[in-house]
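Participant: Sequence:
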Amino acid sequence: MIRKIRLTKKIWLLGGVVALALIVSGIWGYMKGFGGKSGNAGKAAAIKPLVAVETVQKRDMVKRIVLSGQTVPAAQVDIAAKYTGRIVQVTVELGQRVEAGQVLIIQDTRDIDLIIAQSGESMRLARAESVETKAAFDANYRKAEADYQRNLDNLRRYESLHAAGAVSRENLDTARQQLVNAKAALDTLKEQAMTQGAPAVLETRQAAAARAEYMLEAYKQQREDMVLRAPRNGIIGYRQAEAGALVQDGQKLLTVVDNSSIYIDCQVAEQNAAYLVTGMELPVTVDSLGKSYPGKITYISPVSNEKTQAFTVRILLLQGDLLIKGGMFAHANAEILLKPKTIFVSKEAVLDKNGKKYVFVIHENKQAEQRQVRLGLANDEAVEILEGVKAGELVAGSNVSRLKQDMQVEVEQKAKTGSKDKAGTGI
Numbered sequence: 030m031i032r033k034i035r036l037t038k039k040i041w042l043l044g045g046v047v048a049l050a051l052i053v054s055g056i057w058g059y060m061k062g063f064g065g066k067s068g069n070a071g072k073a074a075a076i077k078p079l080v081a082v083e084t085v086q087k088r089d090m091v092k093r094i095v096l097s098g099q100t101v102p103a104a105q106v107d108i109a110a111k112y113t114g115r116i117v118q119v120t121v122e123l124g125q126r127v128e129a130g131q132v133l134i135i136q137d138t139r140d141i142d143l144i145i146a147q148s149g150e151s152m153r154l155a156r157a158e159s160v161e162t163k164a165a166f167d168a169n170y171r172k173a174e175a176d177y178q179r180n181l182d183n184l185r186r187y188e189s190l191h192a193a194g195a196v197s198r199e200n201l202d203t204a205r206q207q208l209v210n211a212k213a214a215l216d217t218l219k220e221q222a223m224t225q226g227a228p229a230v231l232e233t234r235q236a237a238a239a240r241a242e243y244m245l246e247a248y249k250q251q252r253e254d255m256v257l258r259a260p261r262n263g264i265i266g267y268r269q270a271e272a273g274a275l276v277q278d279g280q281k282l283l284t285v286v287d288n289s290s291i292y293i294d295c296q297v298a299e300q301n302a303a304y305l306v307t308g309m310e311l312p313v314t315v316d317s318l319g320k321s322y323p324g325k326i327t328y329i330s331p332v333s334n335e336k337t338q339a340f341t342v343r344i345l346l347l348q349g350d351l352l353i354k355g356g357m358f359a360h361a362n363a364e365i366l367l368k369p370k371t372i373f374v375s376k377e378a379v380l381d382k383n384g385k386k387y388v389f390v391i392h393e394n395k396q397a398e399q400r401q402v403r404l405g406l407a408n409d410e411a412v413e414i415l416e417g418v419k420a421g422e423l424v425a426g427s428n429v430s431r432l433k434q435d436m437q438v439e440v441e442q443k444a445k446t447g448s449k450d451k452a453g454t455g456i
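In terms of our numbering, the sequence shown opens at residue 30 and continues consecutively.
Take these hints with a grain of salt, some might be off.
Here are the simulated lysine-lysine pairs, DSS-like style, with alpha carbons at most 27 Å apart [what the hints assert, rightly or not]:
#: 1; residue 1: 354; residue 2: 87
#: 2; residue 1: 385; residue 2: 395
#: 3; residue 1: 354; residue 2: 281
#: 4; residue 1: 370; residue 2: 354
#: 5; residue 1: 249; residue 2: 111
#: 6; residue 1: 320; residue 2: 336
#: 7; residue 1: 419; residue 2: 385
#: 8; residue 1: 87; residue 2: 419
#: 9; residue 1: 320; residue 2: 87
#: 10; residue 1: 320; residue 2: 77
#: 11; residue 1: 370; residue 2: 385
#: 12; residue 1: 281; residue 2: 77
#: 13; residue 1: 87; residue 2: 325
#: 14; residue 1: 419; residue 2: 77
#: 15; residue 1: 77; residue 2: 382
#: 16; residue 1: 368; residue 2: 325
#: 17; residue 1: 382; residue 2: 433
#: 18; residue 1: 320; residue 2: 376
#: 19; residue 1: 419; residue 2: 382
#: 20; residue 1: 336; residue 2: 77
#: 21; residue 1: 433; residue 2: 385
#: 22; residue 1: 163; residue 2: 87
#: 23; residue 1: 87; residue 2: 281
#: 24; residue 1: 386; residue 2: 433
#: 25; residue 1: 395; residue 2: 368
#: 26; residue 1: 419; residue 2: 368
#: 27; residue 1: 376; residue 2: 354
#: 28; residue 1: 370; residue 2: 419
#: 29; residue 1: 368; residue 2: 385
#: 30; residue 1: 325; residue 2: 354
#: 31; residue 1: 395; residue 2: 87
#: 32; residue 1: 370; residue 2: 386
#: 33; residue 1: 172; residue 2: 249
#: 34; residue 1: 433; residue 2: 395
#: 35; residue 1: 111; residue 2: 325
Pair by pair, the computed Cβ-Cβ distance ranges are [said to hold, decoys possible]:
#: 36; residue 1: 95; residue 2: 352; range: 41 to 47 Å
#: 37; residue 1: 394; residue 2: 370; range: 28 to 34 Å
#: 38; residue 1: 111; residue 2: 168; range: 46 to 52 Å
#: 39; residue 1: 277; residue 2: 307; range: 25 to 31 Å
#: 40; residue 1: 281; residue 2: 126; range: 40 to 46 Å
Derived by calculation from the structure, the hints in this document are not laboratory data.
We put the beta carbon where it would ideally sit given N, CA and C, even for glycine.
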């Protein structure tokens, strides 16, 4: 029993020594690590930030706007049947070049030809009836005038004879009544006169003749419309018509594409549309062809699209090329001068602190100086400096957020805005 107690004490004593050793070892390791970190921090503090610098110069500040869209032909006209009918002949093939007025499709006109012949006879009959009516009216009118004049002379003669006692009162009254009847007949014919002087009965016949003539012209026009012709020069870009097929009115049969002029329709944001004007010339690149062509802006929409809020800009290619087809993707670069001979730096060079703008000027001893600046115009890459920096000074263009006043830096010579006469942006 005593031996067991002694053995247990030894075990506890040995465990305590081991635990104490572990504690001392942990404290030593922690202190060593802490000392190592302090050393690394000191080394890190000695590392100088690497910055790219820009040489500030006075140059033209430009804005570059990329206009992209698809090629659009001068015209693309669909040819559709105006009247239902059967096709007799199709004179063109897909891809064939046609000229304005050329016959493309002929529909069956036999039925309309019969109607035209019948209408022609109706028109001639109406004209004949009009002439006959006029002749009859003129004859009746002259007869009525003659009857009136004869009865008027007869009444005057009877009045003279009655005054001399040669005729009775009854004969005089009869003469007067005959004059009244003759005048009534003449007045009836006079009252038929219309605004143009022609009588109503003749006006009716003439209107019928004119209506028959109009109907004949309408049927002739319908027949003409059943012969479909090319509305302009171009190429057949769509063909869905065969001889013998029955087509409905309004059915699309052909499409004539006029590629004599090519346009590029582009959608432009509001902030860019404000800089563009009609007449502006710019190069246009057709992506699939890898070629550039001179172009000119011919149209800028006066209002923006309700859905996209973008403006449509149309560019006319000033140089034609048969290789250009409608629907090809193309782009153009418009260069807008924002301000000539001004000072500006890249946007990465400007630091924003509590609403104030700063840049870091790098001196010859590679020491950074923080300066507050006042900004002016801006594009997507650069911003104008109105106050705070002079031409010829070096400005940090990278790692700006890591810099502090009087900090030593390592300089990477990378002139972002000093190697060209102009600076701009692609949008």
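Participant: Are the hints correct? Go through all of them and say.
Facilitator: Results for each hint:
Using a Cα cut-off of 27 Å, the hinted pair residue 354 and residue 87 is violated, with the two alpha carbons roughly 44 Å apart. A distance of roughly 24 Å separates the Cα atoms of residue 385 and residue 395; the hinted pair therefore holds under the 27 Å criterion. At roughly 22 Å between alpha-carbon atoms, residue 354 and residue 281 fall within 27 Å of each other, so this suggested pair holds. With a C-alpha separation of about 42 Å, the suggested pair residue 370 and residue 354 falls outside the 27 Å cut-off, and the hint is violated.
Proposed proximity of residue 249 and residue 111 is supported: the alpha carbons are some 14 Å apart, at most 27 Å. Distance restraint check for residue 320 and residue 336: the Cα-Cα separation of roughly 33 Å exceeds the 27 Å cut-off, and the hinted pair is therefore not satisfied. With a CA separation close to 19 Å, the supplied pair residue 419 and residue 385 stays within the 27 Å bound. For the given pair, residue 87 sits about 9 Å from residue 419 by alpha-carbon distance, which is consistent with the 27 Å threshold.
With a CA separation close to 34 Å, the supplied pair residue 320 and residue 87 exceeds the 27 Å bound. A hinted pair counts as satisfied when its Cα atoms are at most 27 Å apart, and residue 320 with residue 77 does not qualify at roughly 48 Å. For the proposed pair residue 370 and residue 385, the alpha carbon gap of about 25 Å is at most 27 Å, so the pair holds. A hinted pair counts as satisfied when its Cα atoms are at most 27 Å apart, and residue 281 with residue 77 does not qualify at roughly 74 Å.
The hinted pair formed by residue 87 and residue 325 fails the criterion: a straight-line CA distance of about 30 Å is larger than 27 Å. Distance check on the hinted pair: residue 419 and residue 77 sit about 25 Å apart at the alpha-carbon level, within 27 Å; holds. For the hint linking residue 77 to residue 382, the alpha-carbon distance of about 22 Å falls within 27 Å, and the restraint holds. Restraint check for residue 368 and residue 325: the C-alpha separation of about 23 Å stays at or below 27 Å, so the hint holds.
Taking the CA atoms of residue 382 and residue 433, the gap is about 12 Å. The hint holds against a cut of 27 Å. Proposed proximity of residue 320 and residue 376 is contradicted: the alpha carbons are some 33 Å apart, above 27 Å. Note on residue 419 and residue 382: the hinted pairing holds, with a Cα-Cα distance of about 21 Å set against a maximum of 27 Å. For the given pair, residue 336 sits about 52 Å from residue 77 by alpha-carbon distance, which is inconsistent with the 27 Å threshold.
Between residue 433 and residue 385 the alpha-carbon distance is near 15 Å, which keeps this suggested pair within the 27 Å criterion. Our distance criterion of 27 Å between C-alpha atoms is broken by residue 163 and residue 87, whose separation comes to about 94 Å. Restraint check for residue 87 and residue 281: the C-alpha separation of about 62 Å exceeds 27 Å, so the hint is violated. This hinted pair checks out: residue 386 and residue 433 have alpha carbons roughly 14 Å apart, not beyond 27 Å.
Taking the CA atoms of residue 395 and residue 368, the gap is near 31 Å; set against the 27 Å cutoff, the hint is violated. This hinted pair checks out: residue 419 and residue 368 have alpha carbons roughly 17 Å apart, not beyond 27 Å. About 41 Å separates the Cα atoms of residue 376 and residue 354, which puts this hinted pair outside 27 Å; it is violated. Only pairs whose Cα atoms come within 27 Å are accepted, and residue 370 paired with residue 419 is accepted, the gap being roughly 13 Å.
Only pairs whose Cα atoms come within 27 Å are accepted, and residue 368 paired with residue 385 is accepted, the gap being roughly 24 Å. With a C-alpha separation of about 19 Å, the suggested pair residue 325 and residue 354 falls inside the 27 Å cut-off, and the hint holds. With a C-alpha separation of about 23 Å, the suggested pairing of residue 395 with residue 87 holds against the 27 Å cut-off. With a C-alpha separation of about 22 Å, the suggested pair residue 370 and residue 386 falls inside the 27 Å cut-off, and the hint holds.
Taking the CA atoms of residue 172 and residue 249, the gap is near 43 Å; set against the 27 Å cutoff, the hint is violated. Using a Cα cut-off of 27 Å, the hinted pair residue 433 and residue 395 holds, with the two alpha carbons roughly 13 Å apart. The suggested pairing of residue 111 with residue 325 is violated, with an alpha-carbon distance near 38 Å, which exceeds 27 Å. Checked against the hint of 41 to 47 Å, the C-beta distance between residue 95 and residue 352 comes to roughly 23 Å, which is inconsistent with it.
Checked against the given bound of 28 to 34 Å, the beta carbons of residue 394 and residue 370, roughly 30 Å apart, stay inside it. The beta-carbon spacing between residue 111 and residue 168, approximately 48 Å, falls within the hinted interval of 46 to 52 Å. Taking the beta carbon of each, residue 277 and residue 307 are about 43 Å apart, not inside 25 to 31 Å as hinted. Distance hint check: the CB atoms of residue 281 and residue 126 are about 20 Å apart, inconsistent with the given range 40 to 46 Å.
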